[in-house]
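**Q** Sequence:
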Amino acid sequence: MSADTILVLAPMPPFPTSAGNRRRLVTTCQSLQRAGFAVDLAYVAHEDQIYRRFGQHPPTDMVATAASFQRSFLIEADETIPLKTRARCFGIDDWCPQAVGDFVAWYLAAHPETRTVLVNYVFLSRALAAVPPGVLTLIDTHDRFADRQRQYRPFRAEPNFFYTDTANETIGLDRADIVLAIQSEEAAHFRALTASRVHLLPPRFLVEAPFRTPSRLARLGFIGHGNDPNRVSITRFVEAWAEGWTPARPELVIAGEICASFAGPVPAGVRLAGYVPSVAAFYEEVDLVVAPMLMGTGLKMKVAEALSFGVPVVGTVVGFEGFDPLVPAHRCEGAEDVKAQVLSLAGDADGLAVLARACADLFATYNARAEAAETDLVAMIRDWRAPSRDGPVPERTRLRGWLAKAGDMTDRVTRPYAAMFSGGEPKPASAEPVPPPPAPPADPAPEPVAVQRFGTVVLSGLDSLDSALREHPDHGRLVATERVPAGADAAARAYSPSRRRWFATAADATAPRTAAALSDAGFCERRLALSPEWVRDRALPRAVREDLALLLSQAEPDWRAQARLVGICDGMLLLATVVPSHFLTAPREAAVFAVDRAGLSAGERMGAAFAETAAGWGAAFTARRRDELTPVPATLRLDHDLSQAVPGDRILVLTDDMIGVLDLAGPNGPGSPP
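In the numbering used here, the protein residues as written are 916 to 1589.
None of these hints come from the bench; they were simulated from the model.
In this text, all values refer to a predicted model and were calculated from it rather than measured experimentally.
So the derived label-pair ranges between C-beta atoms look like this: (1) Q971 - D1298: 43 to 49 Å; (2) D993 - E1158: 48 to 54 Å; (3) A1526 - A1124: 56 to 62 Å; (4) T1081 - L1489: 48 to 54 Å; (5) A1124 - M1295: 28 to 34 Å; (6) L1489 - A1421: 29 to 35 Å; (7) L1241 - R1106: 24 to 30 Å; (8) D1554 - T1081: 50 to 56 Å; (9) A1110 - L1258: 46 to 52 Å; (10) A1501 - E1100: 35 to 41 Å; (11) A1421 - T1290: 54 to 60 Å; (12) D1554 - L1499: 18 to 24 Å; (13) H1497 - A1110: 37 to 43 Å; (14) A1133 - A1025: 51 to 57 Å.
Simulated pairs of lysine to any residue, SDA-like, Cα-Cα distance not exceeding 20 Å: (15) K999 - Q964; (16) K999 - E962; (17) K999 - D1009; (18) K999 - F1076; (19) K999 - S1496; (20) K999 - D1572; (21) K999 - Y1067; (22) K999 - D1080; (23) K999 - R968; (24) K999 - P1546; (25) K999 - G1211; (26) K999 - Q1066.
Heads up, the beta-carbon is just placed ideally off N, CA and C, and yes, glycines get one too.
Turn these sequences into a full structure, and let the hints guide you.
**A** Shown next as structure tokens:
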């Protein structure tokens, strides 16, 4: 019989394991797999959405994910994940789209042998409303989020991640049977809030290399994700380290996504390594790792990771929270204190030997606790599961506690799944659970399923798991990814991690541009996520981009509005229109193309600029997400070649994460000449 299955939902992908929350996800899943459970992983594409919003290709590896889990799924929601709120804090469900609960309901109906559901982060707890009684539910908290924004105030910074208040955090915690805390201080905090069982589960790190003792320090290391705590902390440390630096002192090597946070040249004594292909190689290069953390909750995964590779660490009290540090080098008060500790050790072989022994002892003690906690968690899951199969369903506090505290949220969240709670009995597990499928081949270059030649471009569509591929050796540059994959079964199709990805390259010879070719375009009426090529990179030749824009104009837009030509002056077109409000509240780069009336030629217009205007003229506006795209009156200025006619009836507006269309209306309304 197949192993018992656990469904894990996460708002970040496990691979590449380039951030602390990804490392936590991987270590927890590995703990469950070591215990004999089969793990299904559902990635709620929060991070993909946010990376695209800022014009970056998401660092997501679905090939590695599919190879590491029994089954893998991808959940893409229409709702925009808000990074800011006008309220005092986020509500507990503000970051959990309805699509997540819909997936859980579908999944448990399709795979009733699954008896445990684990969600990562309390802000995904809404999805547990779709779990029927008899299925064990867990929340891996990662961090404490109540009043998390307060730690930013001393640094005059604003959070760019979820934060809430105690009441909302309690609502979320009460939805689970078991709450997992990453370190002891947070476990105590959660126990004071919720009646759910709280279990301390530090991430277990396997020993990657024995501890080594450098005789002197030549290079310090810091590797990290580009999150706020890392950015604030390493920026302060770089400032401190650079002051008074000479070549006789160690070099500070910074690696990972955090390198992108440094604008302009870095000071002497600091080297930015960027993304490193091998974490092990990075740790081999440095003699000591610094953890000069000044803020942040949870457990600092970078500390445990460095220790697992046998590298001594010097850090702050905040950096070593959850490790029960004993020596002064692990209890520094700030960046200057970390610097002083490092300089005192730089040429002290005996002091470095003492530090290495202290680090080895701390890591051994920590890992022993983590291993014991892992064993206890597995026992809890097995003990809880047994009566749900052969005896009465255990009394549930999850929903009862939530309904008592949620008030008017109850109907909104539970109604879609009300039928699942009516009987009080779990769905029977099938006699033969669904066996795990064979791991898919990690083919980075599958054969194209669609090829189109149009003008100067060859457009190739490939159905693939390879979410990391940006340059195809045969088919060119990634220009768009379909948000919904092709397939027969609608529900299964929506959650497949495979996507059709469109690559473009310049044609050897110009192909005809015809209306029939446009109507057969691979992009036609498709929902697309744009690649950085359109706005940020612009590597393809302009003629190729313009032909691609014609094809892209056939895709389903995220928003559409009317526009009216106001005038032509000094080589600029001025249009009156309405646009989504966020175009005007923050600087917004865009790629803009004027499409002729026949739709068979397009010109890229440089220097596009949106500006707010006091009053509009009643221009129509539609959007797929009307509640999130508020239209406001605006003007649009575009460059214009006076030797050409006024452009036709459409302006294509491409931003990092949206496709917009402006339909030009003449003075007598839509359809009249502009």
